[in-house]
Each structure stands twice: as C-alpha cells, then as structure tokens.
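Same order as they appear, the protein sequences are chains P and A.
So the first sequence is numbered by the numbering used here: it starts at 75 and just counts up by one.
So the second sequence is numbered by the numbering used here: it starts at 484 and just counts up by one.
To be clear, the hints were calculated from the coordinates, so they are not data collected in a lab.
All figures in this text were calculated on a predicted structure; none of them were measured in a lab.
Heads up, the beta-carbon is just placed ideally off N, CA and C, and yes, glycines get one too.
Not the full set, but computed from the structure, chain P residues with beta-carbon under 8 angstroms of chain A: (1) Arg104; (2) Leu111; (3) Ile118; (4) Thr133; (5) Ala192; (6) Ala195; (7) Ser198.
Some chain A residues flagged as far from chain P (calculated, every beta-carbon gap over 10 angstroms): (8) Met484; (9) Asp524; (10) Leu525; (11) Ser528; (12) Pro529; (13) Leu532; (14) Val534; (15) Ile536; (16) Gly537; (17) Leu538; (18) Leu563; (19) Asn566; (20) Arg568; (21) Phe569; (22) Ala570; (23) Leu579.
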Amino acid sequence: MSLGDSSTPLGRVRGLGSAREGGEHWLTERVTSIALLLLGSWLIASLLLLPGLDQRTLTEWLRAPSGAVPMALFVIVAFKHALDGMKVIVDDYVHDEGNRFACNLALLFLAIGGAALALFALASIAFGGAA
Amino acid sequence: MLVSILHRVTGGALSVAGLAILAWWLMAIADGPDAYAKFSDLARSPIGLFVLIGLTWAFFQHLLSGIRHLSMDTGAAFELDTNKRFAILTIVLSILLTALLWAWLLGVRP
Chain P
75 MSLGDSSTPL GRVRGLGSAR EGGEHWLTER VTSIALLLLG SWLIASLLLL
125 PGLDQRTLTE WLRAPSGAVP MALFVIVAFK HALDGMKVIV DDYVHDEGNR
175 FACNLALLFL AIGGAALALF ALASIAFGGA A
Chain A
484 MLVSILHRVT GGALSVAGLA ILAWWLMAIA DGPDAYAKFS DLARSPIGLF
534 VLIGLTWAFF QHLLSGIRHL SMDTGAAFEL DTNKRFAILT IVLSILLTAL
584 LWAWLLGVRP
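Using the sequences and the hints given, assemble the complete structure.
Shown next as structure tokens:
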C-alpha cells in the first residue's frame, strides 16, 4: 500500500489546488465557524440579558473584560470568517484571473480595515474616560 | 438545494451589511450618547428594523445551515429523507428564532 492510500481525504488535498493552500482555507473556515457558533451565541444572549440597549448600558457592558474580550474575539473571528467565505464566492464567480486577484485584494483590505475600525471603536469604549 | 444557496446568500449579506453595521454600532457607542441616539433612531425606523430583522434571520439561517454543513462534513445526513428534513428544519427554526428574539426586543424594551 502506498502512502497516499492511507492518508485522510483532508490530508490528500492539503497543499493542492491552484493556490496550494485549499485544504488550510477549508479547515480555517470550519474552525472559525465553530468559534462563531460560541461567540455569536454569547452576543445574542448578552443583548437579550442586558437591562437595556441604551449607550450607557452598552458602554458599561463593553468596558468590563467579560464584555470587551469576547467582543474583540467576535470582531476578529467574524471578519476572518467573512473574508474566507467571500473569497470562495469570488473564486467561484470571477473567472478572469486578473479581476479575481483584484477582487480578493480588495476583500482583504476591506476586511482588515473594517476589523481595525471596529477594534479601535471597541478599544475607545473599553479604555475611554467617563461613560 | 435552496438551503445551500441560502447559506451563500446569507453569508454574503452578513459579511457586507452585517459587519458594516457591527462596526458602525461600535463606533456609535464609542462616540457618546448623542451619536448613539442618532444610530438608535435610525435602527428603530421602519427601514432600520427591516434591515436588522432581515440580518437577524440571515444570522440564524447561516448559523443553522452552517451546523448542517458541519454535520455533513462528517459524512452524516446524506440520505435524501434525513437531508431534506434537516434542510427544512433550518428554515423553520431560523424564522422561529428571529420572531422570538424580536418579540423579546420589541416587547420587553421600551
């Protein structure tokens, strides 16, 4: 029996594909999805359990580590998962190689820019002065 | 088939509109009570509610069909009957969860 026969399906596709990284991308998408299952449930439950949704209550919630840390993780993981998912859509529907590269580059910049903006806002809530 | 397409459509909507509104929401909270009041007024307007309720449904639909895809990744639920029942269940549950969440938000909150 050759080595190839005993490997798992995921093991066989790792390093293959035109980008040589399809297996990692596939796996990352699933790992982030499980993280978002937990973080998304936390977010919904928090919004339901907060005494109100006014600015003061939300600020108090996001100033405490118990609010700020999961929210920071949610922002990072959600933008990463969105980037990975949108890349699949671009790769499926944009056939011209140049356009595909441009779309993926734009997506990457938008995702990193959006995440940075959201994290900056969160940091100014968490470390800001008077609420 | 439909649920598979919905997974992609809701994922796209959440990525673009959902994350833009998440960043906007955090910036409005950071900006102080006046800025947040503007955000809140817009969110409670008919168009705001339509978008937010739509995104809530997209969130639950994507979450549930995501669970379906994860279980199918393990090789489970490929039998036609089971597969179809699971697919229909994601739509029923996503609508139910959206209705419950907004009933709570609109009913209990001022």
